[in-house]
Amino acid sequence: MDEATERLGEELKARIRRTFGRSLSIREVDAGSCNGCEVEVNALTNAVHDIERFGLHIVASPRHADMLLVTGPVTRGMLPALMQTYKATPAPKMVVAMGSCAISGGIFRGTYATLDGVDKVLPVDAYIPGCPPRPQAIIQGILLALDRWESKA
Amino acid sequence: MSGEGLRSIVRQLPSEVMVRIDRHEIEGRDLRLVIRPDGLVPLAGHLRKELGARLVTLHATDDRALEGCFKLHLVMAPQGMDALVSATAPLGLGEWRYESLTPTINDADWYEREIQDMFGLVAIGHPDPRPLVLHEDWPEGKYPLRKDFLTGERPPRVKGEYHFTKVEGEGVYEIPVGPVHAGVIEPGHFRFSVAGEPIINLEVRLGYVHRGVEKLSESTPYPKGVHLAERISGDNSVAHSTAYCQAVEALASCQVPERAEHIRVVMLELERLYNLFGDIAGIALDTALSVAAACGYLLREKAMNLNECLTGSRLLRSVNVLGGVRKDLTPNDREKVLATMVKLKLEFDDLVTLMLSSPSMMDRVETTGRLTREMAVDLNVVGPAARASGVDRDVRRDHPYAAYGNLNFLVPTQSGGDVAARMRVKMDEVRESFSLIDQALDGMPAGPVRAKLGSVPQGHAACSLVESPRGEIVHWIMAGRGAPARHKVRDASFCNWLAMEQAVLGNIVPDFPLINKSFNLSYAGNDL
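Chain order of the listed sequences is W and F. 1 is the number of the first residue of the first sequence in the working numbering; add one for each residue after it. 1 is the number of the first residue of the second sequence in the working numbering; add one for each residue after it.
Looking at chain W on its own, in the form it has when it is part of the complex:
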């Protein structure tokens, strides 16, 4: 991994420690993504990026999560599951919309089966642009979400 990302990761680690005093738990929700974003979220945990060392922990259940990382335009089929997942996440909670689809519906905007982005149905703290965003961009987006969230609190 390049030095800039390494520095970014260290910055994020210090921030998470200060804010939470422990790791930040993230639950990823695919709300109709093409699987491109999932490829990059999975890449975060490979030996090159290894985000656990920065205090980012991808968890199996929303009940353990501080943050929902949502991908996809929010399809009609996934809306009920997304809302249930949000409800199951304990407050205070953050929502990050990852990728073009999650931001605005992207290329699928306006179809009968999608809802044009996450902020149409949930309050979103930060947006990570890209189709899909690179792993470095995801790390930066999470840092941005923490900034916003802290300034709001």
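Source of the hints: derived by calculation from the structure; they are not laboratory data. What you are looking at is a predicted structure, and each value in this text was computed from that prediction instead of being measured. Check each hint, because a few of them may be wrong.
Stated by the list, open to error - From the derived model, a few chain F residues whose C-beta atoms are all more than 12 Å from chain W: (1) E4; (2) R36; (3) L66; (4) C69; (5) G141; (6) F164; (7) T165; (8) V167; (9) E174; (10) I175; (11) L289; (12) R326; (13) R431; (14) D438.
Said to hold, decoys possible - In silico DSBU-like cross-links for lysine-lysine, where the CA-CA straight-line distance does not exceed 35 Å: (15) F/K224 / F/K49; (16) F/K142 / F/K166; (17) W/K13 / W/K87; (18) F/K224 / F/K71; (19) F/K302 / F/K336; (20) F/K147 / W/K120; (21) F/K224 / W/K120; (22) F/K71 / F/K147; (23) W/K13 / F/K302; (24) W/K120 / W/K13; (25) F/K343 / F/K302; (26) W/K120 / W/K87; (27) W/K87 / F/K166; (28) F/K71 / F/K159; (29) W/K120 / W/K152; (30) F/K343 / F/K327; (31) F/K327 / F/K302; (32) F/K327 / F/K224; (33) F/K159 / W/K93; (34) F/K142 / W/K120; (35) W/K87 / F/K142; (36) W/K13 / F/K343; (37) F/K224 / F/K142; (38) W/K120 / F/K343; (39) F/K159 / W/K87.
From the three backbone atoms N, C-alpha and C, an ideal C-beta is built for every residue, glycine too.
Could you slot chain F onto chain W? The hints should help.
Chain F alone, transformed into the frame defined by chain W:
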């Protein structure tokens, strides 16, 4: 494919089919029939029985505006021939029913359920007429792919109930899983019926990722359609965009420059590599062989970095354009690819040795999740999953496209049909991909990388097949004004999901993730 082979197919058609054919024509490798709807079942049955033909796609079009009727389109590929038999069956005026093909050719099952959801055409005699793509809260009487359904229309949700297959008996209980899973994977629902540990039934419920791709494509101009195709199944971007481009290029009679064909091969194989590395690493991960998993994912990361160096996209987006490819490969790019391949080959050999010599891992994968050859043929399973069950098929060899016709490669097969067989097939395919990339770079002629597309005449249809990392994908496009009038997409996973339902039977629940990973099916590509 010579026209002679196709002419003999026509000559051998039984009389009950022959009398129902209104027109037939042979063009290149295609035999096109216009047939009365009641001829479809005997035609499909004959092609299956006598020629071992498999189903490529079955879909409908709404031609009510011009011809007052819906049409069914059946495409089958006779075994051992680089040929497609397409049959178009116009239903009668106001007719919305037809005789189900499923009792005759089992693999028509999901296609007919999809047609019912999308067009409201009912297959009489279908053994399982439940909705497939649209969920129970979709109102009756709204059919998205009919022309009078507007793209932006969003019907209100209604109350409805979906009935899962019930297995009853003493000690039988159900485990519902999904659509939000514990891992970072796509959404889908799995309903297990279990007695003790072994799975006695699995029902896969999909459609959660349905985004309306086919409808959207009808209002997406051809050049932008390439980008839409890349987002059908995100990790198969090159395969889907190549299939889309090839179909439009065929409609426009556009000859893609040879250099572009070679670059497409390089990109298709780079895509296969990063996918297969991920698949193999995933199998290691699910058998708790952490070191091998880490090594595998590292290989995948390196391959994706190479993708980014060459194209600016880790997932090889925007590589294809209509008429060729967007960007040439420079001598510098070539060196980069060759140097990376040398490293990846060595590391991959180490990974394979590590995995195959680990008894704890081999014990988990051998005999697990077995799919018999008969079942694979019956369900028309495609790709590595088919080849691992001894079904020797690969579009790259059987229906050559891009530059594959000029290249030498083996199609690895196994007979076991278990997780181990699928793993070994994928490992062997990685080696073939290395070789294909070398050959495509070596044999790449000089010249332009993009031809002018020209106009796309309306009303014609073209069918394009590509071997994606998951298996055969199909794009069938009927040309409209500047955009497809109908764009049927069939991902490899659409064929393979039913196979997984079969492969898990009798296995214990903890082995399900492993079996699922060994198939590594796409949800987005299936749901569209």
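So, going through the hints one by one against the coordinates:
1. E4: holds (43 Å)
2. R36: holds (33 Å)
3. L66: holds (24 Å)
4. C69: Holds: least Cβ distance 24 Å, greater than 12 Å.
5. G141: The claim holds: F/G141 sits with its nearest Cβ about 14 Å from chain W, beyond 12 Å.
6. F164: Check passes; 16 Å lies beyond 12 Å.
7. T165: holds (20 Å)
8. V167: Holds: least Cβ distance 25 Å, greater than 12 Å.
9. E174: holds (18 Å)
10. I175: At roughly 16 Å from the nearest Cβ of chain W, F/I175 sits farther out than 12 Å, so the non-interface label holds.
11. L289: Since the minimum Cβ distance to chain W is about 15 Å, F/L289 lies beyond 12 Å and the statement holds.
12. R326: holds (16 Å)
13. R431: holds (22 Å)
14. D438: holds (26 Å)
15. F/K224 / F/K49: Roughly 41 Å separates the two Cα atoms, so the pair is violated.
16. F/K142 / F/K166: holds (28 Å)
17. W/K13 / W/K87: holds (27 Å)
18. F/K224 / F/K71: holds (27 Å)
19. F/K302 / F/K336: holds (12 Å)
20. F/K147 / W/K120: With a Cα-Cα distance of about 28 Å, the restraint between F/K147 and W/K120 holds, given a limit of 35 Å.
21. F/K224 / W/K120: At roughly 25 Å apart (the allowed maximum being 35 Å), W/K120 and F/K224 satisfy the hint.
22. F/K71 / F/K147: Judged against 35 Å, a Cα distance of about 13 Å means the pair holds.
23. W/K13 / F/K302: holds (25 Å)
24. W/K120 / W/K13: Roughly 31 Å between the alpha carbons, so the hint for W/K120 and W/K13 holds.
25. F/K343 / F/K302: holds (10 Å)
26. W/K120 / W/K87: Holds - the C-alpha atoms of W/K87 and W/K120 are around 16 Å apart, at most 35 Å.
27. W/K87 / F/K166: Judged against 35 Å, a Cα distance of about 30 Å means the pair holds.
28. F/K71 / F/K159: Judged against 35 Å, a Cα distance of about 31 Å means the pair holds.
29. W/K120 / W/K152: holds (20 Å)
30. F/K343 / F/K327: holds (25 Å)
31. F/K327 / F/K302: holds (21 Å)
32. F/K327 / F/K224: OK: F/K327 and F/K224 at ~17 Å, within 35 Å.
33. F/K159 / W/K93: Given that 35 Å is the threshold and the Cα spacing comes to 31 Å, the pair holds.
34. F/K142 / W/K120: Given that 35 Å is the threshold and the Cα spacing comes to 24 Å, the pair holds.
35. W/K87 / F/K142: Holds - the C-alpha atoms of F/K142 and W/K87 are around 31 Å apart, at most 35 Å.
36. W/K13 / F/K343: It holds: about 33 Å lies between the C-alpha atoms, which stays within 35 Å.
37. F/K224 / F/K142: This hinted pair holds, its Cα atoms lying about 27 Å apart.
38. W/K120 / F/K343: violated (46 Å)
39. F/K159 / W/K87: holds (22 Å)
In this structure, the hints that do not hold are numbers 15 and 38, in rising order.
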